[in-house]
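Here's the letter readout for the chains.
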Amino acid sequence: MHEETVYDALTAAHGDDARWAFGTGFDDPLAGVDTTVPEGVHPADLGAYCLMLGDDALVLSQRLTEWVTRGPELEEEVALANIGLDLLGQARLLLARAASVGALGRSRGRATASIPDEDALAYFRDPDEFRCTGLVAAPGGDFGRTVVRLLVASTWRLALFVRLRDSRDPVLAAVAAKGVAELTYHREHAARWVLRLGDGTPRSHRRAQAGADGVWPLLADAFTATDVERRLTSAGVAVHPGELRQEVEGVLVHVLEQATLAVPPWPEDTAPSGREGQQGPELVALLRTLQSLAREHPAGTW
Amino acid sequence: MNDPPLQRPGAGTRSRPADPRTVAETVTDPELPQLTLADLGVLRDVRTEGTGTVVVEITPTYSGCPAMGVMRADLVHSLHEAGFDEVDVRTVLAPAWSTDWITEEGRRKLAEAGIAPPGPAPVRSAGPVPLDLGTTRRAASCPLCGSEDTEQLSEFGATACKALRRCRDCREPFEHVKEI
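Chains X and V supply the protein sequences, listed in that same order.
First residue of the first sequence? That's 218 in the working numbering, and the numbers climb one at a time after it.
First residue of the second sequence? That's 64 in the working numbering, and the numbers climb one at a time after it.
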């Protein structure tokens with residue numbers, strides 16, 4: 218019979234296979250997964266694209282977990298942390314995929330050899346090596362802004378992942394197929410909060426509207442395609458973000474109207490910035506927190 | 064702390080290995096120890112390859128499920144204890160896990176443990192996912208008193224796979240494995 222509780226299981230003698238759960242020392246998350254690069258696809262492009270999507274998830278996950286101990290209610294902290302955990306799992310797979318096609322760059326040399334590749338990417342890249350959009354890098358702001366940003370980011374990502382299920386890259390297709398179910402929950406959670414706040418009290422309405430007004434300009438960076446995304450879209454691996462616009466805008470307008478919020482104007486197209494590594498002080502500050510433990514204790518295990 | 068180490072499945076049978084599938088099927092989930100990985104539908108395949116390497120295929124429930132590393136270690140450990148020296152645990156990402164893969168036996172054990180088992184998972188079509196803004200969209204009967212009159216307290220519970228509900232009849236809170 219197995220141990221009665223998870224704690225017993227963790228502390229039970231494991232002989233040579235000893236490990237402490239939920240800490241360092243996880244195996245390759247892609248162990249046993251077919252990581253062949255599809256024919257005609259440049260590995261550097263695939264790596265860059267996986268960094269874009271992995272970094273979006275990693276950084277938004279960090280933004281959401283910033284609410285733990287600061288949320289309006291305990292259940293909401295658990296909810297945002299759970300959503301962050303799903304995103305962290307997606308990030309882990311995507312960064313591992315990026316590493317598997319040679320996207321480690323300088324991070325591998327900076328990290329201790331025992332640190333897994335995806336952790337080297339997360340903890341030992343500098344801000345200008347990150348490829349997330351300004352949509353996720355921006356601070357969470359107040360709770361009204363946080364739920365609007367989560368609505369926008371999860372709507373964008375869900376629309377993308379629905380299409381990426383048909384990617385010619387088997388890893389991207391599998392990560393996307395798995396992520397669709399998770400992102401559906403995230404989007405609904407955020408949409409219900411936007412509805413509740415927008416159609417709530419004058420104060421909650423005002424703050425939700427301020428959140429929308431603050432988040433909408435960030436849409437530009439998420440919908441601007443880089444050359445990598447264009448090439449990979451032609452190769453049947455990626456999805457041009459412009460293809461998502463109609464669906465995303467339809468969902469966002471529907472939710473905001475239901476929430477009695479004014480839909481801010483869609484921003485003008487801009488040149489890619491976050492996707493090209495042009496990051497602002499907000500991401501620098503976020504990474505300083507996210508990376509501090511790993512950089513202070515580069516060989517640490519727990 | 065002075066208790067002797069607990070016996071693992073298959074311990075002491077090093078001289079005569081059992082069927083590796085039987086051993087792997089006894090390994091339980093670290094967060095739902097009432098259920099085996101087989102009950103959860105996480106154990107996809109167990110086979111012997113080449114010169115006797117036992118290949119085990121598992122699939123994550125949620126992308127961020129932190130229990131995967133422990134599952135992997137528990138599988139390796141149990142199979143080592145049963146006399147299988149070469150064990151290769153592989154991750155299978157596709158097709159993605161769904162709660163529909165939890166077996167009938169698994170659902171019975173969940174209910175016995177006071178956790179409401181999931182209903183049928185939502186059907187996923189090829190196109191865009193429709194947005195559901197309704198407030199109640201799933202039902203679960205109380206695993207303690209059987210009442211159908213229950214309400215959701217929180218969409219997200221103590222683990223990624225569970226929501227928190229309360230029975231309006233017996234007033235007890237309970238967990239519900241979310242359909243995914």
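Hints in this document: simulated from the structure, not taken from any laboratory.
Keep in mind that this is a model prediction, so the values were computed, not measured.
Careful: at least some of the hints might be erroneous.
Not everything, but these chain X residues come out facing chain V in the computed CB check (under 7 angstroms) [said to hold, decoys possible]:
1. Thr253
2. Val254
3. Gly257
4. Pro289
5. Glu292
6. Val295
7. Ala391
8. Thr401
9. His406
10. Asp486
The C-beta atom is built at its ideal place from N, Cα and C for all residues, glycine as well.
Evaluated hints:
1. Thr253: At about 14 angstroms, which exceeds the 7 angstroms cut-off, the nearest Cβ of chain V leaves the hint on threonine 253 (chain X) violated.
2. Val254: For valine 254 (chain X), the interface hint is violated, since the closest Cβ of chain V sits about 16 angstroms away, which is over 7 angstroms.
3. Gly257: violated (21 angstroms)
4. Pro289: violated (13 angstroms)
5. Glu292: holds (4 angstroms)
6. Val295: holds (5 angstroms)
7. Ala391: holds (4 angstroms)
8. Thr401: holds (5 angstroms)
9. His406: Since the shortest Cβ distance to chain V is 6 angstroms, the answer is holds.
10. Asp486: With a minimum Cβ separation of about 23 angstroms from chain V (threshold 7 angstroms), the hint on aspartate 486 (chain X) is violated.
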